[in-house]
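Participant: Chain by chain, the residues:
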Amino acid sequence: MQTCMINIDHLVKRYGNKYAVNDISFKVGEGEIVGFLGPNGAGKSTTMNILTGYLSYTSGTVEVGGLDIIDHAFEVKKMIGYLPEQPPLYSDMTVEDYLNFVYDLKKCTFNRKKHIMEICEVVRIADVYKRLIGNLSKGYRQRVGIAQALVGNPKILVLDEPTIGLDPRQIVEVRNLIRTLGLDHTIILSTHILSEVQAVCDRVIIINRGKLVADKRTEDIATAVEGNRRLNAKICGPQKEVLSLLRAQPGVTSVEAIGQHDADSITYLIESEAGVDIRKPLFSILAKNNYPIIGLEAVGAGLEDVFLSLVDAKEPTTKARKKTVRKRSSAGGV
Amino acid sequence: MLAIFKREMRSYFTSPIGYVFIGVFLAVSGFIFSLSTLQAGIDSDVASYFTMMLFVFSIVIPLLTMKTFSEERRSRTEQLLLTSPVSLFGMVLGKFLAAYTMFACTYLASCLNYYALYKFGTPNTGQLFGYSIAILLVGAAFVSVGIFISSLTQNQIIAAVGTIAVILIFLLASFLNQYIDVYAIRAVLSWISVYSRFGNFTHGVFDFNAVLYYFSITGVFLFLTVRIYEKRRWE
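Residue numbers (this note's numbering), protein chains in the order written: chain A, 1 to 334; chain B, 1001 to 1235.
Because the hints were derived from the structure by calculation, they are not lab data. Note that this is a predicted model, so its numbers are computed, not measured. Yeah, the Cβ is synthetic: ideal placement off N, Cα and C, and Gly gets one too. If a hint is listed, it holds; no wrong ones were tucked in.
Looking from chain A toward chain B, a few residues come up when the C-beta cut is under 7 angstroms (computed): (1) Tyr-90; (2) Asp-92; (3) Asp-104; (4) Leu-105; (5) Lys-107.
If we strip away everything but chain A, and leave its shape as in the complex, we get (with noise of 0.2 angstroms):
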């Protein structure tokens, strides 16, 4: 059994009379990558800056390593390095003078410049090190964040949208940093990408509007989401044979032709059930009917459709349940 690094329980942070986070609860085990999910304004960075100790909270509790953050404040910041949504540098220092600060802040006992030299290699800001942050491009900057988390060795990385503004390359390196980072350490990261989730995380919680929507593990979102499979196929022959032949497939659920892009293909989106993969028999069949396929891609889920369908899915059940508590109550009146 893997021990609990991070305990939230029942968190509730309000402002005034608006709910940044509504009752979110979730544990996070030792070594775990867990992927923060949501839209912007879902509450992702007050849940982290709360865990982190910027921010307090109107109601619950939270637990680091077993330590309530609120009274063992101390013991729980040298926990948790936190990359903030925008990494807090000062321009006006040098890498190598920050990441001293950073390490004199957090009063670490290591060896000061053996530490910080494995941190620069591990982040690979070493060609950097004597140059003013200021005049640091975006990735750098980044890079030098997440280098400022790691300070101090702490157990727990906490990163607030690691890899926003970075061009593709520098997401792909960033993403394989976590990854390998995550070998000794509990990550919690946020993001808006589905796909970064994918790549990186072990687990999934979505929160949108404060409120804890999912919480799974990767590969269940993967198939959360999928739920009716939908294909592109660009198939040349005549529509209405083309049609019927691909109705009569076992598993395929709807066809519609979408659109005429040249000449002799049509292009049709067919949508299967949910688990039945359809693409060899489609092959066979048309092949069999000299119908050749041109072209054929899955029409990828994007957040947008993880969320309908995760809210739609626990619609329901808050509804079922609001049933039960009334017949409960008009029984007792009975």
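Model the placement of chain B on the given structure of chain A, informed by the hints.
Facilitator: Only chain B this time, still in chain A's reference frame:
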């Protein structure tokens, strides 16, 4: 706390602000000193020099304090400080001590001015000493006012202008007394007046009440700064 102190000291010298402060302070104090003592013909009387210096502080001290917290807040670096194992009081104290060190060291450097008095006049060493202590105490109070106001805003300019205004109120409160007849208001004004308490030092008297008053002002504003941060965390 020590880490924050060291970083602040360094930042005064990696940006122009530290040099501007030292330069303006020394130039203006030298200018006023020569005008008010040797050139004025009253070779050894330094009372008007020290009085004018109080007003100079209202301009130069905001230079030191305007960015202490406002800049941290604007660039979000305060998130690093507040999520580090440092107490709020340690954070405020570190910044205060850095700004105050700058102030005190520059004042001590400006004491070179007095060399001319010893060369050409007949200065009263006790009086100079008393004044210096008073100046250092008033400086501490003003620096802490500046730090407090800097914690209220993200904008350095607003912090600077606000600090100038509050320091001037502290200095000018007792002048208003001449125009006000209501005893209660006069009592309050003379209570908050930094200037009226400065008077006793003029006569070479070590006024323990005044010392306590300057210490209290310093302490109260540092405490209020801590409270601002606590409030922001809990709101």
